[in-house]
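Since the structure of chain U is already known, use the hints to place chain F on it.
Those sequence lines, one after another, are chains U and F. Residues in the first sequence are numbered consecutively from 1, following this note's numbering. Residues in the second sequence are numbered consecutively from 789, following this note's numbering.
Source of the hints: derived by calculation from the structure; they are not laboratory data. Virtual Cβ for every residue (Gly too), placed ideally from N, Cα, C. What you were told as hints is all true, and nothing was included just to trick you.
Stretches of chain F that chain U covers, calculated by requiring three or more beta carbons in the stretch to come under 8 Å of a beta carbon on chain U:
id: 1; segment: 971-984
id: 2; segment: 1035-1047
id: 3; segment: 1077-1086
id: 4; segment: 1213-1219
id: 5; segment: 1241-1247
Under the rule of at most 20 Å between Cα atoms (straight-line distance), these lysine to aspartate or glutamate pairs were calculated in the DMTMM-like manner:
id: 6; chain 1: F; residue 1: K1236; chain 2: U; residue 2: D642
id: 7; chain 1: F; residue 1: K1226; chain 2: F; residue 2: D1180
id: 8; chain 1: U; residue 1: K755; chain 2: F; residue 2: D947
Restraint-style ranges between C-beta atoms, simulated for each label pair:
id: 9; chain 1: F; residue 1: V1297; chain 2: U; residue 2: L204; range: 23 to 29 Å
id: 10; chain 1: F; residue 1: N1246; chain 2: U; residue 2: D587; range: 25 to 31 Å
id: 11; chain 1: U; residue 1: L294; chain 2: F; residue 2: R1250; range: 38 to 44 Å
id: 12; chain 1: U; residue 1: I326; chain 2: F; residue 2: E1247; range: 36 to 42 Å
id: 13; chain 1: U; residue 1: P351; chain 2: F; residue 2: V1214; range: 36 to 42 Å
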Amino acid sequence: MASPESAVNGPTMTAGAASKSLRNAFGGVIAFIILVLIGVLAFSIRLFSVIKYESVIHEFDPYFNYRVTQFLSKNGIYDFWNWFDDRTWYPLGRVIGGTVYPGLTLTAGTIWKVVNSLNIPLSVETVCVFTAPIFSAFASWAAYLLTKEVKGPGAGLTAAALLAMVPSYISRSVAGSYDNEAVAIFALVFTFYLYIKTLNTGSLFYATLNALAYFYMVCSWGGYTFIINLIPMHVLLCIVTGRYSSRLYIAYAPLVVLGTLLASLVPVVGFNAVLTSEHFASFLVFIIIHVVALAYYIKGILSPKMFKVAVTLVVSVGLAVCCAVIAILIAVVASSPTKGWSGRSLTLLDPTYASKYIPIIASVSEHQPPTWPSYFMDINVLAFLVPAGIIACFMPLTDSSSFVILYIVTSVYFSGVMVRLMLVLAPAACILSGIALSEAFNVLTRSIKFQLPGIAGNPSIAVRMWRKENGSSTVVAPNDIPKTEEAAKEKPAKKNRKKEKENVEKKPTPSKTEKRLLVLPLEASVIAVLLLVLLGAFYVVHCVWAAAEAYSAPSIVLTSHSNDGGLHVFDDFREAYSWLSHNTDVDDKVASWWDYGYQTTAMANRTVLVDNNTWNNTHIATVGTAMSSPEKQAWEIFHSLDVKYVLVVFGGVVGYPSDDINKFLWMVRIGGGVFPHIKEPDYLRDGQYRIDAQATPTMLNCLMYKLSYFRFVETDGKGFDRVRRTEIGKKHFKLTHFEEVFTTHHWMVRIYKLKPQRNRIRGKTKKSKSSRSVSSKRDVRGKRNPWH
Amino acid sequence: NEQLAIPQLRQSSYRHETPPTNPSRRCLHLGYFGGKRLHKISWSAPKPSPLTRSAPMAKLAIFFTLTLSLLPFLSHSFSPDTPTDRRILVLLDDFSLKSSHSIFFTSLKSRGFDLDFKLADDPKLSLQRYGQYLYDGLILFAPSVERFGGALDVAAVLDFVDSGHDLIVAADTTASDLIKSVATECGVDFDEDPSAMVIDHQGYAVSDVDGDHTLIAADELIRSDVILGKTKIEAPVLFKGIAHSLNAANTLALKVLSGSPSAYSANPSAKLSSPPSLTGSAISLVSVVQARNNARIMISGSLDLFSNRYMKSSVQKAGSPSKYEKSGNEQFVTEVSKWLFHERGHLKAGNLRHLKVGETGEPAMYRIKDDLEFYVDIFEWSGNSWEPYVADDVQVQFYMMSPYVLKTLSTDKKGLYHTSFKVPDVYGVFQFKVEYQKLGYTSLSLSKQIPVRPFRHNEYERFIPTAFPYYGASFTTIFFFYLFVFFLVIKTRFAGALQMAGFFIFSVVYLYNNRMVGRPPFSIL
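Excised from the complex, chain U in its bound form:
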């Protein structure tokens, strides 16, 4: 958290230019070294999962990405683009090339190819495992660049260091967590950096780079809509607050044109880039910025009086045209049932939308709103520093700092809607906390410096700043990049910087206003510095703990500590998947709840009905209905879909809480959403979800209950479920249409096979005493002599 510019601070700066540049160079080297160290930190803090467990792909989605990457590395990009996957969503299949964000896969595939062409024989899996840590180092550097553009390198370094270990980001980017977010956060921050850079410099070069970075973001993650809405919002904010400039135009217009063109090249986005409402704001602002540009242009060539006349004329005509256009647009948009928004976006705008209409979105745990503790868990002390950072951004308010404020405000809202979007908040929180910490250190260290004997003669009075220095550094043309950077570097050091608007107008007259610098008492400063260091230390401790303990579990391998400190490993998932891959036919279909779809295809290489790409609600509802139906109906549903095996996850024996019984109500809801004969109240007793003796008969007879608790009573003799903490309602029963074929060591995964259809159809005669007597006779005989 060392700020190199503190070296160039203070009243002794009248020294010669040579010593100043030397100091700058020295600061630059230090900054570079610090950045490298931050990169190493970001990478290495994410290796806990590899060290504690092993180098495996984690969770659910990463398995799909891994499988896609394998396909890419084996078959090349054209086959990847045209890949029709017949092993998922049986029998519909899935066009992978057109439904997947290819950024992550292409990135890892490229890394793999480059590394292999250098004769470093890394496996695809290794590359995939380490992609996320590598990109979090990149993301830290991008955060440095962005914050440097906003508040100078000191804040940049602080923000980079904070981002390198923010738990929220670690949770999605530990080694093995090979998911879109791993590269997308880097792309997000980097796109913002390039936008700010363009905004500060007005360079068309950076604007083009910005569009390319945006393209990479579109390739990587559906969260790109955040960018394409946030930047227009900022542009609009700038226009409304009278900050319109040609730099703003250059930062925005090329991004929209090039960015939209590039975005529509990504197969999964395609025409959505111009058709859906998510992109609508950008086009609207695009029109507005042109109108504003035109207005400024006309204002420039007309006399003020003429201009007023023109304004009234244009406004009256323009309003009429605008009304007509907007009316048409509204009519077009309103004609679509979702008003042109995708379900996920609507969920963001209206947090209650998903729970009302789309249970499939609401059922995903990462789509739930976060709890308060999760903020403390995920961003820790940053939550307290962010307000300070916002205040720091307001003095002075520049184009770039207003962008950061807008970023934090929107991302706080989004994180409040979905816990998953905490990830978008994390960089913003880090940037603002970096700014806050850096500013605080600035003020405090300067106060100390002034009051230390021998440095300043009269520490308690206000200090004049060196106007001449300021003037020379701010007069430069905005296109002159290195000098502007220098100016930016000096910006935070000067509290009394002239107003940004003057800068916008490029008026070279430096303001001569004087402001008093805040100087705090020495003791208070020292204590405050110590406290801040302590705060930072807490943050580091928390982050390391979170990285090591909370977020490193790969979730396919579970561990628990026994009372005597021993470690117990539950490797049931891989046990089950390898059983499937070794004992079933290669074309057999495995039905399970969609959570396990990706893993089944990737690890067991078996065809699944539904998977984590929840693109077909009806198909998922069919599986949900089967799971909530009695055995016979479930058998019929599965049989009609050619299913051979049914896989359920059951945690009752070892107390694994995220098992299928706990997810079961979602199956009922999703199934009932499409097939109305499944009704949620049938599974609830007085609104309570229970599986004990009080449970409803529908519940006790549904397939999920039976498959989960079949033979369960044999484990402890009572059938005590350790997740639900109760004895189960129905203990002894037989399966008529399914047979158990495999149960893992800890009973966490149970695999059943569909029995074939009965060879004969029995007569309708009640099987009364006659047949019973026959069977009893048979038993007697069987005991007597089994061979005759």
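Only chain F this time, still in chain U's reference frame:
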């Protein structure tokens, strides 16, 4: 080399214990059991390999090789290639039936069956030994047996059927619960009243004494050439016994001989106090069941139906002027037993294959709108050889949750069925399905999975005629933009304008070179 001799010894002793004829057959319908069985049987090969006998020191490997090389010959005796039964166990109440029903048994013997007569309560009764069935068929002519001898019971009989073997059950008024429960398990319900018989006051057989009309001249036969043979059974079938009914939902069971509309089931000696539970054509006299594994079962309510006496006697149906010298029993029983023991109506299908029109190999995947050809072979067992099956009602489905294409196959009368169609404009994992269920025939159910993919990125039409105005618009925009910039630049810098012009020409040439459909855009690089 003792260690090697041991398995060989075991092998030979095993061979002695196993009956020489191979018990198993019809592996086609056993599904995945088939492979397992095949393997086992190759070990208990009936033909002694002379080399192993003569050279006791022969290596095990040689034995293996020999067995494997003999496999093609051995498989002839048990494989699905010869589905007709060979060894049949006949269980009797007493041995007098052997002579009183000798016409039936003789006809079976003359058709090449090995009959093994045993008393139903023979304590050594067993259908299988060492997991191998000793018989291919079972005839239960023991209506009154209360319990079987030996290891045989209802479950064993049903297991026998479920592993693909055939069964004839004949009951009469003395039918025991045991026999009735076997029938019930097969989907046939005998009248619960133990004293009831089938009575028909209009369709009875005219005889010298005016009896109680329980001897019925039945002529309500199923109309199926495959079950009853091509020659029409002219004379009525004599029947005296108990009635049974079939569950309407039971799609596997068929009434071969049903009661006339005036028949009913009641105790002939008692006065009818309540309406009979079974009446009219709901009464089945003889039924056949074809299980899902194509095991065939015949259930008759009368044992006398098979007797020499009924077969030989003349018959005249009441109210009918024609009198027949000989009843239809013999023909009926023979024909049904031919069907039952798979001498008729047994189909095999296989060699399901498909290819893209104009290509030879079978593709792993189709594209939407591909034209494809589909072939399947269907043969019928004629009793001693496989003959081409000729029918015009075999259909193939191109199926994904529901049939997208349903085509009737045309045959070349040599067993090859063929059709061609266009893959629908829907992608997904499809199946070629041949589901053929025809009355009396083995049900065929074949499917083969095939994915259908959408167009590749370069398989779409590159230039659509209707879009030419748009192409024109974009190209003129590009052109005039060039022109605009050209004049803008020429005002200041001449060299820049030249560069512009050069770049423009290069672009035109590049676009022209790459106008071919399907060319990757950066191939020039």
